[in-house]
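Chains as they are written, first to last, in my numbering: chain A, 15 to 283; chain B, 15 to 283.
Each hint should be verified, as a subset may be incorrect.
If several chains are the same, the list does not tell them apart, and a pair holds so long as it fits within one copy or across any two.
Within a straight-line C-alpha distance of at most 25 Å, the following computed SDA-like cross-link-like pairs (lysine to any residue) qualify [stated by the list, open to error]:
# : residue 1 : residue 2
1 : 239       : 168
2 : 60        : 144
3 : 276       : 122
4 : 60        : 139
What the hints contain is simulated information worked out from the structure, not anything from laboratory work. Since the model is a prediction, treat every value here as computed from it, not as a measurement.
Number of protein chains: 2
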Amino acid sequence: MPNRLSINHYSIRQWDLSQLIEGCRDLGIKSIGLWRDKINAVGLEKTRQLLQESGIEVSSLCRGGFFPYSSDQERIETIADNQRAVDEAAAIGSPLLVLVCGGIAPAGLDRSREMVREGIAGLTPYAQARGVKLGIEPLHPMFTANRSVIATLEQANTLANEFPSDTVGVVIDAYHVWWDPNVYREIDRAGSRIFAFHISDWLVPPPDFLNGRGLMGDGSIEFGKLTAAVNHAGYDGPIEVEIFNEQLWSLPGNEALSLIKKRFIEFIP
Amino acid sequence: MPNRLSINHYSIRQWDLSQLIEGCRDLGIKSIGLWRDKINAVGLEKTRQLLQESGIEVSSLCRGGFFPYSSDQERIETIADNQRAVDEAAAIGSPLLVLVCGGIAPAGLDRSREMVREGIAGLTPYAQARGVKLGIEPLHPMFTANRSVIATLEQANTLANEFPSDTVGVVIDAYHVWWDPNVYREIDRAGSRIFAFHISDWLVPPPDFLNGRGLMGDGSIEFGKLTAAVNHAGYDGPIEVEIFNEQLWSLPGNEALSLIKKRFIEFIP
Numbered sequence: 015m016p017n018r019l020s021i022n023h024y025s026i027r028q029w030d031l032s033q034l035i036e037g038c039r040d041l042g043i044k045s046i047g048l049w050r051d052k053i054n055a056v057g058l059e060k061t062r063q064l065l066q067e068s069g070i071e072v073s074s075l076c077r078g079g080f081f082p083y084s085s086d087q088e089r090i091e092t093i094a095d096n097q098r099a100v101d102e103a104a105a106i107g108s109p110l111l112v113l114v115c116g117g118i119a120p121a122g123l124d125r126s127r128e129m130v131r132e133g134i135a136g137l138t139p140y141a142q143a144r145g146v147k148l149g150i151e152p153l154h155p156m157f158t159a160n161r162s163v164i165a166t167l168e169q170a171n172t173l174a175n176e177f178p179s180d181t182v183g184v185v186i187d188a189y190h191v192w193w194d195p196n197v198y199r200e201i202d203r204a205g206s207r208i209f210a211f212h213i214s215d216w217l218v219p220p221p222d223f224l225n226g227r228g229l230m231g232d233g234s235i236e237f238g239k240l241t242a243a244v245n246h247a248g249y250d251g252p253i254e255v256e257i258f259n260e261q262l263w264s265l266p267g268n269e270a271l272s273l274i275k276k277r278f279i280e281f282i283p
Numbered sequence: 015m016p017n018r019l020s021i022n023h024y025s026i027r028q029w030d031l032s033q034l035i036e037g038c039r040d041l042g043i044k045s046i047g048l049w050r051d052k053i054n055a056v057g058l059e060k061t062r063q064l065l066q067e068s069g070i071e072v073s074s075l076c077r078g079g080f081f082p083y084s085s086d087q088e089r090i091e092t093i094a095d096n097q098r099a100v101d102e103a104a105a106i107g108s109p110l111l112v113l114v115c116g117g118i119a120p121a122g123l124d125r126s127r128e129m130v131r132e133g134i135a136g137l138t139p140y141a142q143a144r145g146v147k148l149g150i151e152p153l154h155p156m157f158t159a160n161r162s163v164i165a166t167l168e169q170a171n172t173l174a175n176e177f178p179s180d181t182v183g184v185v186i187d188a189y190h191v192w193w194d195p196n197v198y199r200e201i202d203r204a205g206s207r208i209f210a211f212h213i214s215d216w217l218v219p220p221p222d223f224l225n226g227r228g229l230m231g232d233g234s235i236e237f238g239k240l241t242a243a244v245n246h247a248g249y250d251g252p253i254e255v256e257i258f259n260e261q262l263w264s265l266p267g268n269e270a271l272s273l274i275k276k277r278f279i280e281f282i283p
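Here chain A stands alone, though its shape is the one from the complex:
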């Protein structure tokens, strides 16, 4: 039973929000992961209304973060933008804001990692006051330079542990962490700080750095083991399918959605 299946909007990017909600309702999918550009295209009030009418829940909102800055001006703008992201999550009833922490600022890699810590420290009370959780998502090391200086689950856990456990945790995306020799130890360590579990497959060879993710079963990720480990660590929330793939985006939305649901049932225990 795909009760835990959640569809990240960017997996079916060809659809707008109302199409996504309708398509998911038709297939009995109970949860979706949203993106700020897609909800702002519709408006927050309309988003909330569409969700309420459909009974579909939001698993996460993508995304806050990009904390490293090159100037004080940029730092101030980033803080404001992250606060807006928290506000938007609260407005649409998303329990979680996903943090893609940002790449390397001119000040260098170490300092950029400190900037991430400072950014999260500043955002945490704001999010806590609004009942929105912050999920630090380690990104695959091929994105360290330009998207996330947080590259491993070990690093994300260590960072999250500095903050209140009701507000700051981690997002485990199979695509980003599957290769890590320490991943099972770190999933266990994350425990109740696991705020989300995202999935897509690693194709061999990958057709593209950014948009070359695969459907579960088409690549080399061992979803049975990873899902079992995440469950064992205590996570029982939605499992969000987040596939960036040009081929999937070229299909009619309902075909793409059916395909995802089918693979979810087949590969996710």
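Based on these hints, arrange chain B on the given structure of chain A.
Using the frame of chain A, we list chain B on its own:
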């Protein structure tokens, strides 16, 4: 003074071995890293003769490894091929055979990592008897599926430590390890097991998975810090420039070589 500069043959792949040796001699470069296909194209005897005449030394031979197998037949062939690689290293006077350990076999990721351990265990006495060192090279996690299930320096160190320190160590390639939050701790831990230090830069965004490496200074790697750490750990051998880049390969060899030497002097302390 670029006394430590070594040129990996694949950085100037447009040249054959005698061109490479002549070009390096002309620029006062004293060391080169070789590849099996390039030396076998010339012959081992001729390779040794060219090296002897030029006075140029070999820093490493690429490559052995690819230990994970899908059948007993493949396992036997891999053992034989790795022994041939050791023989070739010994024949041309290379102190080091670089091990690119191989991707995921059908038996799965964990078992593939065991196959790497077993492969190195089997090869070590053979290499030790012939005075050839084996360097485990962790590859960037974007290559875990198809090239190296050894993805971090921590993992390579832990593996190397199971074997005699005069024969089994690690190859630290900046391109593969720079992103790792534990890299400085692990460089320090590697100590006298550092058998080679390779460099090229991480371009943003990377133009290609395999052949999109950059010249030092064109990307985001902090060579000053990394080189200092490797030196501090006790490594004082050649620093091998290994750049896979279509643009560099399209230049006349001597232009590419001059460019590399210039950047080496500028960016490697």
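Structure-based check of each hint:
For the homomeric pair residue 239 and residue 168, the shortest alpha-carbon distances inside one copy (18 Å) and between copies (23 Å) are both at most 25 Å. Within a single copy, residue 60 and residue 144 get their C-alpha atoms as close as 20 Å, which meets the 25 Å cut-off; across copies the closest is 73 Å, which misses it. Within a single copy, residue 276 and residue 122 get their C-alpha atoms only as close as 44 Å, which misses the 25 Å cut-off; across copies the closest is 23 Å, which meets it. Neither within a single protomer nor between protomers do residue 60 and residue 139 lie at most 25 Å apart by alpha-carbon distance, with minima of 28 Å and 70 Å respectively.
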